[in-house]
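Protein chains in written order, with the numbering used here: chain A, 1 to 392; chain B, 1 to 392; chain C, 1 to 392; chain D, 1 to 392.
Possibly wrong hints are sitting among the right ones.
If several chains are the same, the list does not tell them apart, and a pair holds so long as it fits within one copy or across any two.
As a list, the in silico DSBU-like pairs of lysine-lysine whose alpha-carbon atoms are at most 35 Å apart [unchecked claim]:
1. Lys-299 / Lys-134
2. Lys-277 / Lys-134
3. Lys-78 / Lys-277
4. Lys-188 / Lys-277
5. Lys-299 / Lys-78
6. Lys-191 / Lys-266
7. Lys-266 / Lys-78
None of these hints come from the bench; they were simulated from the model.
Each chain, written out:
4 protein chains.
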Amino acid sequence: MADSKQEQKLRRLRLGMVGGGITGHIGAAHRIAAAMHGLYDLAAGAFSSDPAVCRASGEAFGLDPQRCYDDYEQMFAKEAQREDGIEAVAIVTPNDLHAGPAIAAAEAGVDVLCDKPLAESLARTIEVEQAVAKAGVVFVLTHNYSGYPLVRQARQMVAEGLLGELRQTRIEYLQDGALRPLPPPGPKTWKGRPERCGPAGCIADIGSHAYHMLRFVTGADAVSLSCATRSHSPSRVLDDHCETLLRHEGEALGSMTCAQVSVGKKCDLNFHVYGDKGSLHWGQEEPNEMLYCPYGEPKQVLQRGMPYLGPAATPRSNIAPGHTEGYYEAFAQLYVDGWELIRARREGREPPATAKLAPNARDGVAVARYIGASVESAAQDGAWVELASVAP
Amino acid sequence: MADSKQEQKLRRLRLGMVGGGITGHIGAAHRIAAAMHGLYDLAAGAFSSDPAVCRASGEAFGLDPQRCYDDYEQMFAKEAQREDGIEAVAIVTPNDLHAGPAIAAAEAGVDVLCDKPLAESLARTIEVEQAVAKAGVVFVLTHNYSGYPLVRQARQMVAEGLLGELRQTRIEYLQDGALRPLPPPGPKTWKGRPERCGPAGCIADIGSHAYHMLRFVTGADAVSLSCATRSHSPSRVLDDHCETLLRHEGEALGSMTCAQVSVGKKCDLNFHVYGDKGSLHWGQEEPNEMLYCPYGEPKQVLQRGMPYLGPAATPRSNIAPGHTEGYYEAFAQLYVDGWELIRARREGREPPATAKLAPNARDGVAVARYIGASVESAAQDGAWVELASVAP
Amino acid sequence: MADSKQEQKLRRLRLGMVGGGITGHIGAAHRIAAAMHGLYDLAAGAFSSDPAVCRASGEAFGLDPQRCYDDYEQMFAKEAQREDGIEAVAIVTPNDLHAGPAIAAAEAGVDVLCDKPLAESLARTIEVEQAVAKAGVVFVLTHNYSGYPLVRQARQMVAEGLLGELRQTRIEYLQDGALRPLPPPGPKTWKGRPERCGPAGCIADIGSHAYHMLRFVTGADAVSLSCATRSHSPSRVLDDHCETLLRHEGEALGSMTCAQVSVGKKCDLNFHVYGDKGSLHWGQEEPNEMLYCPYGEPKQVLQRGMPYLGPAATPRSNIAPGHTEGYYEAFAQLYVDGWELIRARREGREPPATAKLAPNARDGVAVARYIGASVESAAQDGAWVELASVAP
Amino acid sequence: MADSKQEQKLRRLRLGMVGGGITGHIGAAHRIAAAMHGLYDLAAGAFSSDPAVCRASGEAFGLDPQRCYDDYEQMFAKEAQREDGIEAVAIVTPNDLHAGPAIAAAEAGVDVLCDKPLAESLARTIEVEQAVAKAGVVFVLTHNYSGYPLVRQARQMVAEGLLGELRQTRIEYLQDGALRPLPPPGPKTWKGRPERCGPAGCIADIGSHAYHMLRFVTGADAVSLSCATRSHSPSRVLDDHCETLLRHEGEALGSMTCAQVSVGKKCDLNFHVYGDKGSLHWGQEEPNEMLYCPYGEPKQVLQRGMPYLGPAATPRSNIAPGHTEGYYEAFAQLYVDGWELIRARREGREPPATAKLAPNARDGVAVARYIGASVESAAQDGAWVELASVAP
């Protein structure tokens, strides 16, 4: 958001945080995203279940010690009594601890920015979605890759029919972190453990991102899927490699590979979407370019920030083309969107169209259906499972 | 083959051709491949079922009109009576017309270079394989992509264990030619028609190449597959898009996409092979480089022609690194291999190891099993089908 | 800087800003860079020569209106009297207005982060350098491209002798912005006008970055240069295209192209450095990878964030490899460096080695010599000019 | 050349060769190029100054021993007496031995295909050009990189004004072969030795290619140049690194680097050409794609073989797009051009326009002027030298 814009003159939002203490990881990404465009002030937090860590974190972040709380219940209660109480909350706890604070925030009328996947099960995800809908609060689910300008350009081009009728999809999210042995259990090593994550390993961890990306870009859920998984890593019981076939609406057919044993890949999330008139390819390791192939014509390299892109791809916060934007800038876009949505809600007006691109609780439910369908299909030797039919 | 080598001094092989008249397409590739290193002289042909085309072709190719034959039976019969009769034959007819001349050649003791896939059915493919085995002739099946030096390097690296235990495979062959309407039936438009091709469309046309590539590089057949297909193009009845999951020996899992509706793709055959120690990526649109990722170390760009490559990847026919080689050079490698195999057979000695890399009739049978399994799985809603169990 | 680190617990630095009001551009980059890791709090500013803009800016940035000053003299005077006065200042005015506030800051004992090039002339640059040296304050010159982790890796590899003896250099900075007509004169359109920029156009604007990059990576200044320039754009009188040959110490020879008429290029700053044992290539449009070619071995793709990189390339503020970092992250690195340098100065200890990589006032003098030599050589039909001999 | 074309029915040309014995290198490239499309039959040769090598070569190439001659004088004399005597000759001797057989061929009315650079000096080059002009024979100078289809597309696009007015050029030819010690003097190791090559090292060897490429694409000679050279390699006396600035007609300015000490580069010949409306980039290590940037629009990736290319870029000999063509195919294009030119000359008609793109003796003179100007400028500390003023 360019500082020169009028909206900048509106007051900055007071942000609380649940989880995200100094010993954690994803909290830092959220704080950077919130700080980047000067739209939020971190004002309070229940940063850790360990009170000492919570206090130390608050100190590191420059907070008033009075506003470092032992738990989120306390935070919402005390902050509600302050005139300068928090207006929004970032939830950055392990996945199975999202729903509690999310529902509490909704009930307290506090707007939410929540890490993904929304919750540990479809049932619990639906609970959050319903609480959010009932309270009418803003809920931004940080599927951060949907904040990349060119991903939004892709969505717009598909929606405008530039690719024609969808025929073929391919999406990958490849890493190689599961080649390392699983670390011993601990507060920060909950990933990969069924008691915390439920029955889905890389399906939930990175498959959730990949599937969200696919539905974000194509504008629709897949109809059904067939899935095969492996747990290659000797120390793991959950899947670290998942191969999926997808049937889309109409005749389109797709495939998806999510794996954390792909040597040499670090965060290779990329998609190809093919219609009968054109195709698009984008990858997050080189996110400032996207390949657009109109049938029979020269391939086009679309470059972030260029005037020929649509409004969804050229937010005011962009730096000039040629300079690269990356992970943090895309993440920050969701915080910009959230800020727009929150301001609009509080002022009783319609938010800008681009802000509505931010993933929300309904998207969380759709992703939870994908996770459930994948687990179910893999358990049934790859039987085709309809996403709409997955039981909570 | 460098001209300075002793083998160059041996006589050039006299080559006949079945199919490949001037009005055809793949024949030109075979002729260029045969001519490139000066190892063959085109000496006779049954170039077309149309005698006028056959004669015109012979004239264009500078042949003695006496050696332009109406059909292959006549050619093998007459040539056998000549002192300077053909020693080898290139078969470049439509797929369902390979087996006849191949068996006839084998029975005549003529060595064979035959276009792919070997025949129109598994049963017919096995017949050819048995005839070849019985006659003891050389049979090179021109899965031409296996002639690329870096593909051979990949095979060698996998075999030497540089990738460790196989975990994950991904292979694609993507084109967009099926977006054009199918031309009216005719002698040169047999592709895409079930009466000529059998039940497999792009599975046989390009899937055969992709599957052969995968087994060439990994050194083994897949165990079973699950397949879904589409015929997107309104004018086609055979598949033009095929998504396949593959189970390999051990725990490795893979996926494969072959499609002729992938807008913007022309001949994008590429593979990723991942073991637990390293991975390889190669694509035929930039065939002079291959990416090798040893776990935890910098990615390496292997470049064709460099001294650090193994013997399989550095044939004497290579030009210096930095200069590109392409489709014809890879194709010509199979003709070099064939020449080595034929010379060795005729001299009663073991051929060089690298020449044995050329695909043969047994490979043709393996590929036919893949085609059969794919058709069977697709017909059964993606049921897993074991390749070894496919009935001829 | 990972939040988990002890240093985070130290207090955040109070930052003032000269220039950078809401109607400006580069100020936003500095504010984002300062905010990203939570190490600075923007506390005061003389944001604009227009008092209304200054006040509006302060309001937008959430400042106490008392600390929005009409000019920098007032700011330094008033802030010095506060217990919570500014500790550091960011100078983001037009180039010819850097020296004034920089000298004033130095005299006030305030540490400085200053945009580039340091000043409008070599003489004025030397004045600043001397004032800074006399006062002993920290001075970070934001040649922001030197904040990229892989650029620092390159410097380290050259210094460690991995490339052997330097032979050949090539550096480019290519844009196409000068193809647009020069906008009418105004407070924000000072670029390209000799009355504000002196005699150097793109030489100073982007050539300064390119030359700094080259000396940063090679660890040494060039000895002499020969330069030819053009002003292609009809509306411009200053150079918008500059071709330069460079003689380095020893026998190394190099070339450099800086141009703002290179259609299709937006910010293509890239370098190749060749020694007799290896070479490096990096470009800022894909800054998360660098190509390293050891002689006779496979090319290596070095990836940002990987453990095999040296300490200079793996600051604690990095996100995991595979996620991209871009312009803002590199810029923020200089603010992290500055924070380290300032903390160390104020605590009377040696700063960490990596922080000393931040460009300083002496680098500003070296760059000013390059600018002067280029202008001089171009005026003399490309005569070779020694950098050390340029008169202030 | 597609076999279906009428021209194929015309008789094949009988080709002689001077140089190119089995112990040589570039001769093989010429033979492959001549053989590829079936347009030439190698019929005679003076392959070596060593009669034994000459005879062995003829045997390896399948020639009548009577037509293996001790020297070119004998060959032209004897062949002229045969009814089936050679119609064209390929000259593939060391550079200082081109002019003799070229002039003899011209006088014998034999058409010539000659390796580059044309001769060892400008004076000798002009002699050949005059002899060719007088005799009216075809003379194809194998600057083989001009045979790449996309290079011809580039030339056409520049000529049609798609780039607008020329502003900026950049061309490189980078190798690292000079890092190896110069081998001891011998018949095959004449490169790098002043007694054989004259005063120019890499300027003549690869700079000749680079400069020819630049004038081929831009359609005009440079006006003047300024050049600096080095002989880095301890065993060499001639330049192995050359940095050049170029002034073109109008205001365009360019630079050129030719080096054989660029670690990691094998044959990196690439150009960027910028006008005020668009730019083009092509490199011979990935020759099947070219980047076209129209100002303000998405970059376009032009792909070899696609129907949107112009006639110069889509010769009938092309294989389908997506399949790569490389060094030999580009080389073969010059032999196709030569065949067209020779046929047209012998039939007294105008050759096709595309055939006239083949470099000829006049191009050889222009390149010799570039070589001379470079040597002269380097000797004068980089003084600007006009190409037209270079004395023979």
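Consistency of the hints with the structure:
Taking CA atoms no more than 35 Å apart as the test, Lys-299 paired with Lys-134 passes in neither setting, with 47 Å inside one copy and 48 Å between copies. In this assembly of identical chains, Lys-277 and Lys-134 lie within 35 Å of each other by CA distance neither inside one copy nor across copies; the values are 42 Å within and 51 Å between. Proximity of Lys-78 and Lys-277 under a CA criterion of 35 Å is satisfied in neither setting, with 57 Å inside one chain copy and 53 Å between copies. In the homo-oligomer, the alpha carbons of Lys-188 and Lys-277 lie at most 35 Å apart only across protomers (27 Å), although the nearest pairing inside one protomer, at 47 Å, exceeds that limit.
Proximity of Lys-299 to Lys-78 under the C-alpha cut-off of 35 Å is found in neither arrangement, the shortest distances being 57 Å within a copy and 52 Å between copies. In the homo-oligomer, the alpha carbons of Lys-191 and Lys-266 lie at most 35 Å apart inside one protomer (17 Å), although the nearest pairing across protomers, at 41 Å, exceeds that limit. Taking the shortest alpha-carbon separations for Lys-266 and Lys-78, neither the intra-copy value of 42 Å nor the inter-copy value of 50 Å comes in at or below 35 Å.
Against the hints set out earlier in the document, violations occur for numbers 1, 2, 3, 5 and 7.
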